[in-house]
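Start from chain A and add chain B according to the hints.
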Amino acid sequence: QKEVEQDPGPLSVPEGAIVSLNCTYSNSAFQYFMWYRQYSRKGPELLMYTYSSGNKEDGRFTAQVDKSSKYISLFIRDSQPSDSATYLCAMSYARFQKLVFGTGTRLLVSP
Amino acid sequence: GAVVSQHPSWVICKSGTSVKIECRSLDFQATTMFWYRQFPKQSLMLMATSNEGSKATYEQGVEKDKFLINHASLTLSTLTVTSAHPEDSSFYICSPGTSASYEQYFGPGTRLTVT
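Line by line, the protein sequences give chains A and B. All letters in the first sequence, in the order written, are residues 1 to 111 by the numbering used here. All letters in the second sequence, in the order written, are residues 1001 to 1115 by the numbering used here.
With the rest of the complex left out, here is chain A (with noise of 0.2 Å):
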């Protein structure tokens, strides 16, 4: 079993829809919780960092971490195509500590 689960899609939805997207982990012991997005060929960009269970908004973006359901979830709203990357969800055991990464899923947002 890997420590952190996500579907790797594709996810396509039309231009303004609400999309959400997903990870389980097994290891009780993440404390923090990240998601990137990533466009093809370059390098994960931080949308949202967690620590613990909670909520956390930014703009048109909202993650939600579940510490007793091991599940984590960003939530985009009024989506956008530009938003068509894949969205990895990452996690570490404390903070400034190695990465544990999703497979990542693709996100495809039509016009």
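It is possible that some hints are incorrect.
Unchecked claim - Lysine-lysine pairs mimicking DSSO-like chemistry, simulated, CA-CA at most 27 Å apart: (1) Lys-56(A) <-> Lys-67(A); (2) Lys-1055(B) <-> Lys-1066(B); (3) Lys-42(A) <-> Lys-1064(B); (4) Lys-1055(B) <-> Lys-1020(B); (5) Lys-2(A) <-> Lys-67(A); (6) Lys-1041(B) <-> Lys-2(A); (7) Lys-1064(B) <-> Lys-1020(B); (8) Lys-1064(B) <-> Lys-1041(B); (9) Lys-1066(B) <-> Lys-42(A); (10) Lys-1066(B) <-> Lys-98(A); (11) Lys-98(A) <-> Lys-56(A); (12) Lys-1064(B) <-> Lys-1014(B); (13) Lys-1041(B) <-> Lys-1066(B); (14) Lys-98(A) <-> Lys-2(A); (15) Lys-98(A) <-> Lys-70(A); (16) Lys-1014(B) <-> Lys-42(A); (17) Lys-67(A) <-> Lys-1020(B); (18) Lys-56(A) <-> Lys-70(A); (19) Lys-1064(B) <-> Lys-2(A); (20) Lys-1066(B) <-> Lys-1014(B); (21) Lys-56(A) <-> Lys-42(A); (22) Lys-98(A) <-> Lys-67(A); (23) Lys-1041(B) <-> Lys-42(A); (24) Lys-1066(B) <-> Lys-70(A); (25) Lys-1064(B) <-> Lys-98(A); (26) Lys-98(A) <-> Lys-1020(B); (27) Lys-56(A) <-> Lys-2(A); (28) Lys-70(A) <-> Lys-2(A); (29) Lys-42(A) <-> Lys-98(A); (30) Lys-42(A) <-> Lys-67(A); (31) Lys-1055(B) <-> Lys-98(A); (32) Lys-1020(B) <-> Lys-1041(B); (33) Lys-1014(B) <-> Lys-1041(B); (34) Lys-1041(B) <-> Lys-98(A); (35) Lys-1020(B) <-> Lys-1066(B).
Since the hints were derived computationally from the structure, they do not count as laboratory data.
Positioned in the frame of chain A, the structure of chain B alone reads:
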């Protein structure tokens, strides 16, 4: 966010040759450098961690004599792929870090193709 550069962005080399990849943190001092590798349609996998002025720590299955990491300064780290083979073709991405920041940022990546 932090500004990180990598050079080159894309390199093609012949099997048996060595390639050096540079990673620079442009607006902060990186006490630690993480080097990741990403194969097509796969996620990022950590290769090694290095602290400035110290030897790198390699993940299980990563050959330390093949992937030489130098972190001689707080703004520059290099990864040298020695005697490259086609199976080393991948996307190499650095992630400089500092204990002063919670977030971890990544470089733009270097695409290595070994023919």
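Against the structure, the hints:
1. Lys-56(A) <-> Lys-67(A): holds, 14 Å
2. Lys-1055(B) <-> Lys-1066(B): Within the cut-off at roughly 14 Å; holds.
3. Lys-42(A) <-> Lys-1064(B): holds, 26 Å
4. Lys-1055(B) <-> Lys-1020(B): holds, 17 Å
5. Lys-2(A) <-> Lys-67(A): OK: Lys-2(A) and Lys-67(A) at ~17 Å, within 27 Å.
6. Lys-1041(B) <-> Lys-2(A): holds, 16 Å
7. Lys-1064(B) <-> Lys-1020(B): Between Lys-1064(B) and Lys-1020(B) the Cα gap is close to 15 Å, so the pair holds against 27 Å.
8. Lys-1064(B) <-> Lys-1041(B): holds, 25 Å
9. Lys-1066(B) <-> Lys-42(A): Satisfied, since the Cα-Cα distance of roughly 24 Å is no more than 27 Å.
10. Lys-1066(B) <-> Lys-98(A): holds, 21 Å
11. Lys-98(A) <-> Lys-56(A): holds, 22 Å
12. Lys-1064(B) <-> Lys-1014(B): Holds. Lys-1064(B) to Lys-1014(B) sits at ~21 Å (cutoff 27 Å).
13. Lys-1041(B) <-> Lys-1066(B): holds, 24 Å
14. Lys-98(A) <-> Lys-2(A): holds, 16 Å
15. Lys-98(A) <-> Lys-70(A): holds, 19 Å
16. Lys-1014(B) <-> Lys-42(A): Cα-Cα ~23 Å, so holds.
17. Lys-67(A) <-> Lys-1020(B): violated, 41 Å
18. Lys-56(A) <-> Lys-70(A): holds, 17 Å
19. Lys-1064(B) <-> Lys-2(A): holds, 25 Å
20. Lys-1066(B) <-> Lys-1014(B): Distance of about 16 Å is within 27 Å: holds.
21. Lys-56(A) <-> Lys-42(A): Holds, at about 25 Å.
22. Lys-98(A) <-> Lys-67(A): Holds: Lys-98(A) and Lys-67(A) sit about 19 Å apart, inside 27 Å.
23. Lys-1041(B) <-> Lys-42(A): Holds. Lys-1041(B) to Lys-42(A) sits at ~13 Å (cutoff 27 Å).
24. Lys-1066(B) <-> Lys-70(A): violated, 37 Å
25. Lys-1064(B) <-> Lys-98(A): holds, 18 Å
26. Lys-98(A) <-> Lys-1020(B): Given pair Lys-98(A), Lys-1020(B) holds - Cα atoms ~23 Å apart, limit 27 Å.
27. Lys-56(A) <-> Lys-2(A): Answer holds: Lys-56(A) to Lys-2(A) is near 26 Å, not above 27 Å.
28. Lys-70(A) <-> Lys-2(A): Distance of about 13 Å is within 27 Å: holds.
29. Lys-42(A) <-> Lys-98(A): holds, 20 Å
30. Lys-42(A) <-> Lys-67(A): Violated - the C-alpha atoms of Lys-67(A) and Lys-42(A) are around 30 Å apart, more than 27 Å.
31. Lys-1055(B) <-> Lys-98(A): With a Cα-Cα distance of about 16 Å, the restraint between Lys-1055(B) and Lys-98(A) holds, given a limit of 27 Å.
32. Lys-1020(B) <-> Lys-1041(B): Satisfied, since the Cα-Cα distance of roughly 24 Å is no more than 27 Å.
33. Lys-1014(B) <-> Lys-1041(B): The hint holds at about 24 Å.
34. Lys-1041(B) <-> Lys-98(A): holds, 21 Å
35. Lys-1020(B) <-> Lys-1066(B): holds, 12 Å
In this structure, the hints that do not hold are numbers 17, 24, 30, in rising order.
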